[in-house]
Amino acid sequence: MDSSLRRLVNRRLEWLEMTKDQVSDWNAGTTRRRDRLSALPNTVLTRILSKMPMDSVVRTSILSKRWSNLWKHTQGVDFHSLPFSDNQADYSPITRCLDLLLSPQIIKFTAVGHVSERSNPDIQRWVNFALSKNVRQLTIGLMSVSLARRFFQLPDSLFSNRSKTLEHLVLSFVDFKPPRPGQPIAASVFSSLKLLVLTHCKLADATVDLCLRECVLLEELVINMCEGLKNVNISGPNLRLISFRCLEDSDDGEFRSLRVDAPLVGNLVYSGDLTKFYLNNCPVLQILLLQVREEPMNEAYTVHVRELIDQIRHVNTMIINFAVVEFVAKEYYTRGIPFQTFQNLTHVFWYGPLKSPNAVYNLVAFLGDCPSLIEIAVDFREESGAVFCQCISEGHVADEYEEGESSQRNPYEGGNLEKLEIAEVRCFSGFDGEMLLVRLLLEKAVNLRKLWLFWRLGDLSVIHDNVLQDITKSGYPQQLSDTIQEEANSIIATILDFRKASPRVRIKFGQEWRIESWRRHFGD
Numbered sequence: 001m002d003s004s005l006r007r008l009v010n011r012r013l014e015w016l017e018m019t020k021d022q023v024s025d026w027n028a029g030t031t032r033r034r035d036r037l038s039a040l041p042n043t044v045l046t047r048i049l050s051k052m053p054m055d056s057v058v059r060t061s062i063l064s065k066r067w068s069n070l071w072k073h074t075q076g077v078d079f080h081s082l083p084f085s086d087n088q089a090d091y092s093p094i095t096r097c098l099d100l101l102l103s104p105q106i107i108k109f110t111a112v113g114h115v116s117e118r119s120n121p122d123i124q125r126w127v128n129f130a131l132s133k134n135v136r137q138l139t140i141g142l143m144s145v146s147l148a149r150r151f152f153q154l155p156d157s158l159f160s161n162r163s164k165t166l167e168h169l170v171l172s173f174v175d176f177k178p179p180r181p182g183q184p185i186a187a188s189v190f191s192s193l194k195l196l197v198l199t200h201c202k203l204a205d206a207t208v209d210l211c212l213r214e215c216v217l218l219e220e221l222v223i224n225m226c227e228g229l230k231n232v233n234i235s236g237p238n239l240r241l242i243s244f245r246c247l248e249d250s251d252d253g254e255f256r257s258l259r260v261d262a263p264l265v266g267n268l269v270y271s272g273d274l275t276k277f278y279l280n281n282c283p284v285l286q287i288l289l290l291q292v293r294e295e296p297m298n299e300a301y302t303v304h305v306r307e308l309i310d311q312i313r314h315v316n317t318m319i320i321n322f323a324v325v326e327f328v329a330k331e332y333y334t335r336g337i338p339f340q341t342f343q344n345l346t347h348v349f350w351y352g353p354l355k356s357p358n359a360v361y362n363l364v365a366f367l368g369d370c371p372s373l374i375e376i377a378v379d380f381r382e383e384s385g386a387v388f389c390q391c392i393s394e395g396h397v398a399d400e401y402e403e404g405e406s407s408q409r410n411p412y413e414g415g416n417l418e419k420l421e422i423a424e425v426r427c428f429s430g431f432d433g434e435m436l437l438v439r440l441l442l443e444k445a446v447n448l449r450k451l452w453l454f455w456r457l458g459d460l461s462v463i464h465d466n467v468l469q470d471i472t473k474s475g476y477p478q479q480l481s482d483t484i485q486e487e488a489n490s491i492i493a494t495i496l497d498f499r500k501a502s503p504r505v506r507i508k509f510g511q512e513w514r515i516e517s518w519r520r521h522f523g524d
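Everything in the sequence shown is counted per the UniProt record's numbering, starting at 1 for the first residue and increasing by one.
Hints in this document: simulated from the structure, not taken from any laboratory. All values reported here derive from a predicted model rather than from experimental measurement. By construction, the Cβ of each residue, glycine as well, lies at the ideal position given by its N, Cα and C atoms. Mixed in with the good hints, there may be bad ones.
[Claimed, not checked] With a straight-line Cα cutoff of 16 angstroms, these simulated EDC-like cross-link-like pairs (lysine to aspartate or glutamate) come out: (1) K508 to E421; (2) K72 to D99; (3) K230 to D209; (4) K355 to E375; (5) K164 to D205; (6) K419 to E375; (7) K108 to D156; (8) K51 to D78; (9) K355 to D261; (10) K133 to E117; (11) K355 to E299; (12) K177 to E220; (13) K500 to E443; (14) K177 to E214; (15) K355 to D379; (16) K177 to E227; (17) K230 to E214; (18) K194 to E227; (19) K500 to E418; (20) K508 to D497; (21) K72 to D55; (22) K330 to E375; (23) K450 to E413; (24) K194 to E167; (25) K108 to E167; (26) K230 to D273; (27) K133 to D78; (28) K330 to E299; (29) K419 to D379; (30) K330 to E294; (31) K500 to E421; (32) K177 to D209; (33) K450 to E375.
[As the list claims (entries may be wrong)] For each label pair, taking beta carbons as the anchor points, the in silico distance ranges come out as: (34) R449 to D175: 50 to 56 angstroms; (35) E294 to D497: 34 to 40 angstroms; (36) D310 to M143: 36 to 42 angstroms; (37) K194 to R96: 29 to 35 angstroms; (38) I422 to N120: 48 to 54 angstroms; (39) V284 to G141: 15 to 21 angstroms; (40) N120 to D156: 17 to 23 angstroms.
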């Protein structure tokens, strides 16, 4: 309903811009139509305005006498595109707009935009205004475009305000620290907070500890690429979602560890080194995303990863890259031992390049060792599409897998994928390793219903819009196009001829990857 009424408001604005003749024609075409917008009470209209950007909200003041002051009672302040200038941006219109607002309470305040090196947004004024209006959701999403990191100062009132209405706080590129570091924050300032997002902020370990002690109702915590963190401890009785992406090196030194102790956490995202990640008391963890870096596999690494795997053995959804599978292969498959730890795993999303045939066999073996697995997705986004073009121009697909120790297959190659029903392969180009993966999935998935192959740049099933069309436009010789189309059709024909363990499997080639099925697992 809100969207339809918003369209009516926009239609009124268009009407004001018409010429006299156009207005007459417009009125003739709408004779005896009921003006549904004007029939609504002011409370409903202000609710609609509260969901619109402020530039559109202010423009409604010219609609009629009734609308001239209606916008001043909006409960949503959304400056989603701050003024930008390479010199000093002018933020005075925002200040004037805030001075005219009459609503006693603001439900949501948002100020988002890029800020140049010479600009000085009046953050303290904006935050003070929001807090004075008992704001529930406060977002200051600044994006610094300067080469050097720039952190904006927050007002002391954020840490001393006595209102108990703030539920969502989202900040970026700010210096997030209390006015008196190490001393307790006012008990009421964050006592009602349920979501806290800090991205690209300046932050200290002690500040994190202090906030978590005060945020007793906190359910969702996101700390993304923040500077100044070294040893972070995250704990909370009500935390349901935790996302932490570390900034490995900064001016303040190297990040050392993240320790999580959250008995109710169900979703957990971690980006960094596995050896710096510690879990304790996370019994209901269900969804885990690990974006980990490559590390030397020494004895200390092995012991740590074994302990970590034991802590996450009960999860049902995992998004992982090569590191976990590589560890399993070295510790189990090279010795001919199956890895049967993840008995509850139903969904796996794996991303990264396949560097050898053995890496493909290890991945399929890992999937086969998860007896409850029903859906997988594989993403080859780290590969380069231009490499495929180079391979085609030489008349063959490059064989990257025959040399070196990594090409040797392990004694254990896993069992069948008994329950797997859906498989998606993203950024597919037809490399030998990718074709091997598709063949193994078709041979081992006895109940597979759908296999989706999403081309890297375009839909190869359409001859005039193939996967390499964009690449050839950007500099590759036009004479390659015929060869590319033939290769594409050859790839499709080869896949369709693969032996299939499931008689009901349907193979589809597409262009747009359906990420919605994976977003639902993370509550997006």
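(message) Are any of the numbered hints broken by this structure? If so, which, sorted upward?
(response) Going through the list in order, the structure violates hints 4, 5, 7, 9, 10, 11, 12, 17, 18, 22, 23, 29, 39 and respects the others.
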